[in-house]
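Chains as they are written, first to last, in my numbering: chain S, 7 to 319; chain A, 582 to 1050.
Do not rely on the hints blindly, as some may be mistaken.
List time: in silico DSS-like cross-link candidates among lysine-lysine, alpha-carbon distance up to 30 angstroms [said to hold, decoys possible]:
#1 S/127 - A/615
#2 A/896 - A/970
#3 A/994 - A/1029
#4 S/185 - S/127
#5 A/994 - A/615
#6 A/994 - S/144
In silico negatives: residues of chain A with every beta carbon more than 10 angstroms from chain S [unchecked claim]:
#7 684
#8 755
#9 801
#10 946
#11 1032
#12 1033
By construction, these hints were calculated from the structure, which means they are not laboratory data.
Note that the structure is predicted; figures quoted are calculated from it, not measured.
All residues carry an ideal CB built from backbone N, CA and C; glycine is no exception.
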Amino acid sequence: MLGRHADSLFWMARYLERSENLARQIQAAFYHSLTRKGDDLDEWASIIRRTGMADSFDAKHDTMSMANALNFLLRDKTNDDSVISLLAKSRQNARSVRNALTQEVWQSLNESWMTGSEALKRPVNIRDLPALLENIIKASSVFRGALYGTMLHNDIFNFLRLGTFIERADNTARIVGSKYHRLLPTAAASLGGSDQSQWEVMLRALAAWRSYNWLNKGHLDPTAVATFLIFDNRMPRSLSFCYGEICANLQDLEAAYGTSYACGDSARAIAQQLDNGREADIYRLGFRDFVSSFMADSNQLTLAISADFNLGP
Amino acid sequence: MFDEMLDGPDARGREPYRSLLSWLEDQDFTKLRKQSAQAEDLFRRIGITFNVYGDEDGEERIIPFDLIPRIIAADEWRRLERGIIQRVAAINAFLSDIYHQQEIVRAGVIPASLIHGNKAFMPQMCGFTPPGNVYTHVVGVDIVRTGPDSFFVLEDNARVPSGVSYMIENRATMLQMFPELFASHRIQGVGDYPKQLFKSLAESAHTFIDNPNIAVLTPGIFNSAYYEHSFLADEMGVDLLQGSDLEVRDGRVIIRTTAGTAPVDVIYRRVDDEFLDPLSFNPDSVLGTPGLFDAYRSGAVMLANAPGAGIADDKAIYAYMPEIIEFYMGEKPLLENIPTWRCSEPDNLAYVLEHLADLVVKEVHGSGGYGMLVGPAASKRELAAFSRKLQANPSNYVAQPTLALSTVPVLTKAGLASRHVDLRPFVLVSPNGIRVTPGGLTRVALKKGSLVVNSSQGGGTKDTWVLEA
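With the hints as extra help, turn the sequences into a complete structure.
Here is the structure:
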């Protein structure tokens, strides 16, 4: 496959995953803001900070408000990482590799872009927000379904999945990292009831609220939350799960192309750490350092994939 | 004015349309209009869209699709097909000749100045024989009709003709919406065109390679025909490339792939000559592949269509097509040319200036309906302005009579209404023969009375049925 095409596929999946993740975070923040007393804007600021959009937000808005945050995150076309921009970029990438995709996969992207841009033409009415976010998340599900049900599971598929899981791991790491202080063992003792909602919002943003409760009988505990999001390889947004998928897809590519790659070795090393890791280790290493070194390794891996497979224009 | 559906001996219409007409009588037009909107929605969802040059929003549009099919009877088609094959064979013989011995110039049939002074003539091609001696692997011949037996060739498209994806998608849409019509009519298929294209390209390349790696070359995602490029690559199961994807290494053309590199042997290019190779043609082009033309001349890669083929569809050459056909085929043209005044000749210019209000005047190198004067539709002021342009540079123009193009009904808010149409059948050329896909792209001027069918200027398309014998 042409390297440029593989690059488009990889980023197409990343942008779509990013739009889904952003929609989930907005969903969680919105829920959080509705269920708390007073005007708590921290969640909006936190999303904007951890996704690296703070400078661009500050350049456009003097004050933080829910309306400003929603406009900026959902429908601002001049913000490269708004949902509308992400949907457009994902669809644009798909269009440039259309003949690598089945009709159903292409149409799923094209239609979510069409309905998304129609819905986001005007400022979002709070009453329409839940349905709108659900639609954005559903678009990702339809894409995934079409991908699994209609595509050959070959190198095209592998590059798409790599994009998805590298983006997803990055997102989980950002969310965990931005709230690391809430996940320290000391947090349980020092925090009152109000801050329990911090764990809830984090789990909700990762579509893991129910599964966490199901596994832990509703008992909220910072160590349990941290190990769940990082090490539990049953949870489809945990770092461990994502790296399992990254390794599997790289291994498929190595088998298909009949050679092994440096990026495969790096991925396996990261996965190994996550496999062997225990909560004791991350707290011994320092939680914040653990997350930031994970993110650095993950970025290195993206560069290595790009070099090994001739991605890039 | 001749209407292809209604101008029959009685109210049942012309013979090929009778069954369709009686079907139409049973239709609920409100429902048909709803289906028409559904068809356009389907086009958008599939992404059969094009970008308009200069549109700042980069908004994508669709070409309007009219549900009423255009029908061609089997005997009418046989006639067209024979004429088209003759014409396309002559075009290839002409190209081979002017890039080698130039017998036609020596024989005094065509003035040398028309070849050598022509922008579309490519001296770099002289003395080179493309694989299989094929110059135009894909041709679109634009045909208009003025009466039951009167067909004219409006122009030949020998460079990078487009529209074939609409021929195929229009048919697919009709099949989906009105299956009953396909059960009650015997219509020749058009869906195997991409496979025929693949086969035809491979046959041409056969002189230097078996099982070639074929690729489609596109200017990119913002080109107005990008959908078609990706459609054809998809249907043929080949790569869709841009100039920057190709590299010439050790005389071979390669692409960088995820597993290393891979060779490319045949390039069905949908970019114009001047954007192929900055070293040989346009040094300012950022689209091309340095060294591609040398690789082509050394026989390492085949380009389809051959560079320099454009001289055959030049509007100044068009005027000589009857002579060209006779010269190479030794027989009279089966399809007529539209009488054409070459304004470069003083007598012609005088006539054209005097009759400007009745004529259509075109730029010799123009396309897409731009830079054209439709005399009967022009205001006094427009006529005067055009007259000045014409006198300033006469050899840039040719003129033709305004033809009463045939009409076919379209679906409008007020029911059926007749609109002017033309027809672009698609022709594939290989050393093994010339094949015309039974059908083509019918373009229709959706504005009442308009003769301009170009999609860039408000034209739409119809499905085109060629009936079986």
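Hint check results:
A hinted pair counts as satisfied when its Cα atoms are at most 30 angstroms apart, and residue 127 of chain S with residue 615 of chain A qualifies at roughly 25 angstroms. Proximity of residue 896 of chain A to residue 970 of chain A is assessed by CA-CA distance (about 18 angstroms); at most 30 angstroms being required, the pair is judged to hold. Note on residue 994 of chain A and residue 1029 of chain A: the hinted pairing holds, with a Cα-Cα distance of about 13 angstroms set against a maximum of 30 angstroms. A C-alpha spacing of about 33 angstroms is found between residue 185 of chain S and residue 127 of chain S, which places the hinted pair above 30 angstroms, so the restraint is violated.
Restraint check for residue 994 of chain A and residue 615 of chain A: satisfied, since their Cα atoms lie roughly 11 angstroms apart, inside the 30 angstroms limit. This hinted pair does not check out: residue 994 of chain A and residue 144 of chain S have alpha carbons roughly 37 angstroms apart, beyond 30 angstroms. Residue 684 of chain A, annotated as away from the interface, keeps every beta carbon of chain S farther than 10 angstroms; the closest lies near 43 angstroms. Its beta-carbon lying about 18 angstroms from the closest one in chain S, residue 755 of chain A satisfies the requirement of being farther than 10 angstroms from that chain.
The beta carbon of residue 801 of chain A is not kept farther than 10 angstroms from every beta carbon of chain S, the shortest such distance being approximately 8 angstroms. With a cut of 10 angstroms on Cβ distances, residue 946 of chain A stays outside the contact zone with chain S, its closest approach being about 31 angstroms. Listed as outside the interface, residue 1032 of chain A is consistent with that label: its C-beta sits roughly 34 angstroms from the nearest C-beta of chain S, beyond the 10 angstroms cut-off. With a minimum CB-CB distance of about 29 angstroms to chain S, residue 1033 of chain A clears the 10 angstroms threshold, and the non-interface call stands.
In the structure shown, a violation is registered for the earlier hints numbered 4, 6 and 9, in ascending order.
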